[in-house]
Amino acid sequence: MFDAAMTGLLDVLSPHSMGLMLIGILIGFVVGVLPGIGGPVAMALMLPFTFGMEPIHVFAFLLGMKVVTSTTGDITAVLFGIPGEATSAATVLDGHPMARKGQAGRALGAVLMSSLVGAIIGAVVLALSIPIIRPIVLAFGPPEFFMLTVVGLIFMASLSRGQMLKGMIMGCAGLLIALIGIDPQAGVPRYVFGQLELWEGLGLVPIVIGLFGGPEIVQLMLSKESIAGKAVSRNIDGVWQGMLDTFRHWKVVAWAGAIGSAIGVIPGVGGSVSQFIAYGQAKQMSKTPEEFGKGSIEGLLAAGGNNNAKDGGSLVPMIAIGLPGSVSTAILLNAFLISGLNPGPEMLTTHLDVTFSMVWIMIIANIIVVILALPLLKPLARLTFTEGPILVPFLLVLTVLGAYAENNSMFDVWVMLGAAAVGIVCLRFNWPRVPLLLGAVLGDLCERYLFLSTSLYGWSWIQRPLVILLGMIIVAILFKTVWDVRKSIRRSSEVRA
Amino acid sequence: MSRTSIFSRLLSASIAIMIASSASAQMDKTCAFFENETVELVIPFSAGGGFDVYGRMVAKYMGPQLGAASMIVRNQPGAGGLLATNQTWTEKPDGLKLQLIAVSGMLAAELGDAPGVRFKTNEFSWVGRVSGEPDVVATNPGGTIKTVDDAQKLGAERAVRIGSTGLGSPQYISAKLLETVIETNANVITGFSGSPEVYASLGRGELDLFSSSLSAADAAEKAQTGQTIWLLGTEAVAGRPEIRPISEMVDAKFLPLIKAHASAVAAGRAIAAPPGLSEDRLKCLRDVFDRTISSPEFLAESRQLNRPVEPLSGAAVADLVRGASEAQKEYLDLLRSSFAQ
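Here the protein sequences line up with chains F and X, keeping their order.
The first sequence begins at 1 in our numbering and counts up one residue at a time.
The second sequence begins at 498 in our numbering and counts up one residue at a time.
These are calculated hints, taken from the structure and not from any lab test.
Heads up, the beta-carbon is just placed ideally off N, CA and C, and yes, glycines get one too.
Don't take each hint at face value.
[To be verified] Pair ranges (Cβ atoms, derived): (1) F:THR350 / X:ALA813: 37 to 45 Å; (2) X:GLU739 / F:PRO131: 28 to 36 Å; (3) X:GLU823 / F:LEU401: 41 to 49 Å; (4) X:GLY691 / F:ASN408: 19 to 27 Å; (5) X:GLY736 / F:LEU179: 41 to 49 Å; (6) X:ARG571 / F:THR350: 56 to 64 Å; (7) X:GLU807 / F:LYS378: 38 to 46 Å; (8) X:THR641 / F:THR350: 24 to 32 Å; (9) X:GLU823 / F:GLN195: 29 to 37 Å; (10) X:THR641 / F:GLU290: 57 to 65 Å.
Throw the hints in and build the complete structure from the sequences for me.
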């Protein structure tokens with residue numbers, strides 16, 4: 001195994017692999033910094049260029065690109081409040097408020113360094129799981145997936161603390177959005193109104209871009225000021241401070257990385273759930289939970305640390321049994337097949353060096369991204385001081401492009417505009433947007449795995465050990481949330497008295 | 498060798514060259530329209546998938562053969578391919594807009610009266626098939642089912658669980674066919690997101706059987722999440738004698754049903770132009786397609802990318818589709834039961 005790890009490292013360090021990785025990183029940087037055009041779109045467009053390459057070269061190119069798009073997605077989330085992908089929505093919650101406070105430099109430094117630390121945790125988890133990779137992946141079936149989606153949904157309560165009723169209503173609205181489309185069991189079209197575009201449900205990318213980006217653009221237009229317009233501090237030199245914050249709050253980052261890489265392993269569920277679990281967990285552990293959502297450095301570090309860690313985890317089921325957990329791993333799976341590799345035991349025996357090369361690529365590419373991005377952070381942070389009327393036209397073009405790009409569909413642009421309208425109303429009347437997104441992301445998975453569990457096991461799935469364990473975690477989280485709410489009510493009534 | 502025979506050979510060779518050159522001149526004439534034009538090939542699924550790779554391979558080599566300025570690929574995913582196919586159906590039939598169609602899926606949707614279908618598969622101008630692989634049936638690795646008798650024995654103890662994606666999907670239609678022909682207590686479990694997820698479940702031992710394409714089954718066998726046991730058809734695949742056709746193991750009354758399904762599946766992934774394309778342009782497209790897909794460069798790339806091609810002429814695809822469109826009542830009933838009405 002050590003030999004394979006070393007062979008993998010030497011292969012990655014060869015000039016050919018490194019050159020391709022750099023090209024992948026540069027393309028990913030340019031494409032990924034455009035909101036909405038995240039990893040999957042960039043990888044799908046670049047896949048044909050890998051035809052005929054050696055497997056390790058393919059992965060150096062594509063994985064390098066994927067890694068950088070995760071990080072650049074975080075950059076747009078911090079600067080403009082528009083997440084690169086649905087899986088990095090949590091970065092907006094505290095990253096953008098920091099930018100509005102004039103701390104864009106610090107936020108970017110923090111998100112960059114926490115992403116790197118998270119990525120290394122993810123890569124280490126991938127490497128350590130190699131000997132036990134198959135039993136782990138096969139231990140999780142639909143019942144466990146269902147319970148994990150419930151864990152994610154439970155965090156809806158934690159994420160809307162202070163406005164619980166509004167949060168619950170928005171969460172339910174999200175679940176209703178998830179119902180749109182052909183239902184997975186009986187094939188009945190639900191709420192599609194005769195539109196074929198709605199058969200596969202509403203796209204998450206346009207929803208995310210609209211929900212978060214729309215209100216930001218309108219605010220910029222109306223205020224005619226820059227993003228950090230009213231900020232007292234105008235410190236764009238906080239990059240180093242942000243990087244140091246990662247180590248100052250190392251526990252938050254380590255937890256987020258561990259959650260990201262462990263839950264990222266779960267195909268389909270991983271990416272979207274882990275960000276909210278990591279964020280919610282950081283909020284529950286924090287001494288200043290009231291700061292979350294208003295520009296908390298801990299919240300941002302949790303989101304950043306989780307974001308790249310989940311990428312390592314998401315490779316596990318693909319390598320172990322050929323089960324892609326996300327759109328980008330599905331494209332990687334295709335790259336596997338095209339380059340003549342077969343996921344499964346082969347990847348853990350004869351092609352173990354290729355598997356290890358993926359671990360190394362995750363680490364090395366992330367380090368390169370940090371080195372390349374560092375000199376750019378200051379000029380990027382300066383964008384938050386650019387006047388709104390100059391910035392808005394660019395942001396409008398980018399959001400429309402981002403919504404259109406995934407499916408080449410104008411319908412998605414309309415969805416984005418609809419989501420933007422909802423986002424603006426939410427912001428105006430102070431309704432939380434995250435529970436809506438959480439419901440929309442998890443509703444479909446929750447329904448599908450509940451029905452699959454009952455179809456496969458009847459109700460006996462409830463007795464499975466991992467299901468019971470996850471059930472206990474859910475009860476504990478609920479208990480903690482109720483306890484915290486009661487405590488804060490008591491505290492506020494004492495203050496009033 | 499006698500002088501006469503040498504003479505006659507030379508004569509026949511020169512006649513053949515003359516015929517060939519006149520045919521090529523004629524073809525060049527019929528293809529003159531495409532010169533410096535932009536031809537669009539629509540892929541009804543997202544970029545980066547297996548379907549997309551086939552489309553891009555064809556476009557890369559067919560464009561230059563056609564003399565077109567470029568042949569571009571446009572992905573138009575949605576509604577399992579119906580969205581793009583509906584649109585191609587209404588496009589101007591000038592040959593500049595083509596689509597790679599998952600024929601059996603569209604045929605099944607049309608014949609099964611699925612909602613949202615606004616085309617007649619039979620009436621597309623078929624250019625040619627790129628690939629067509631049969632459906633096979635897999636069981637879990639180390640599973641006890643080897644024959645239909647084994648499945649029936651299991652069915653006597655408990656319901657045999659057959660995995661499937663959603664209703665109306667190609668996997669659901671095969672699962673329903675499998676459920677019908679094995680004549681035992683079986684249960685089709687729907688709701689999986691795609692073949693890899695069903696195979697993962699098969700690998701965990703949650704399911705007993707699953708019908709998928711041969712390539713998906715081969716990948717699952719290498720990942721040790723499935724074990725291919727039967728061919729969901731009547732004729733064995735060349736070079737794969739270990740996969741027994743299911744027709745040999747089930748009641749003969751099901752033979753027409755299995756045949757109807759196998760021929761619909763055989764139409765595979767084929768390129769079509771909108772209906773009503775003029776004869777000469779269709780002929781040009783078909784000739785160029787045949788030439789492209791048998792060219793050494795194309796075949797070398799197909800081998801390099803592990804994407805096997807099984808070409809079939811446009812006329813043969815049209816025949817297959819026509820045959821399947823005239824399917825018998827039993828198969829139509831099976832298809833109709835596979836779509837929510």
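Which of the listed hints are broken here? Going through the list in order, the structure violates hints 6, 7 and respects the others.
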